[in-house]
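J.: Each residue of the sequence shown is one higher than the one before, counting from 1093 in the numbering used here.
Read the hints as simulated data drawn from the structure, not as lab findings.
Glycine included, every Cβ here is placed at the ideal spot set by N, Cα and C.
Heads up, a few of these hints could be off.
Said to hold, decoys possible - Distance windows between CB atoms, simulated:
# : residue 1 : residue 2 : range
1 : W1094     : F1118     : 28 to 34 Å
2 : W1097     : L1121     : 19 to 25 Å
3 : W1105     : K1137     : 29 to 35 Å
4 : I1122     : W1097     : 29 to 35 Å
5 : A1126     : W1094     : 26 to 32 Å
6 : S1112     : K1137     : 27 to 33 Å
7 : I1125     : W1094     : 18 to 24 Å
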Amino acid sequence: MWQNWMIGFLGIWLIVASFSINGNPFNELIVGIAVAILGFWTAAKR
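Take these sequences, add in the hints, and give me the full structure.
T.: What follows is the structure, encoded as structure tokens:
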């Protein structure tokens, strides 16, 4: 179960990193949101 929480926090880290990386922030933002939702949703289901 803790793996899914780590995936969720990784998604949040990707969202934060997307604002600090120069380049195309929307790709990292979308991926980070998707990873965070997927990780926390999977963790909350169990």
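J.: Now, for every hint given, state plainly whether the structure supports it.
T.: Now for the hints, and whether the structure bears them out:
{"no.": "1", "hint": "W1094 x F1118: 28 to 34 Å", "verdict": "30 Å, holds"}
{"no.": "2", "hint": "W1097 x L1121: 19 to 25 Å", "verdict": "21 Å, holds"}
{"no.": "3", "hint": "W1105 x K1137: 29 to 35 Å", "verdict": "22 Å, violated"}
{"no.": "4", "hint": "I1122 x W1097: 29 to 35 Å", "verdict": "21 Å, violated"}
{"no.": "5", "hint": "A1126 x W1094: 26 to 32 Å", "verdict": "20 Å, violated"}
{"no.": "6", "hint": "S1112 x K1137: 27 to 33 Å", "verdict": "31 Å, holds"}
{"no.": "7", "hint": "I1125 x W1094: 18 to 24 Å", "verdict": "21 Å, holds"}
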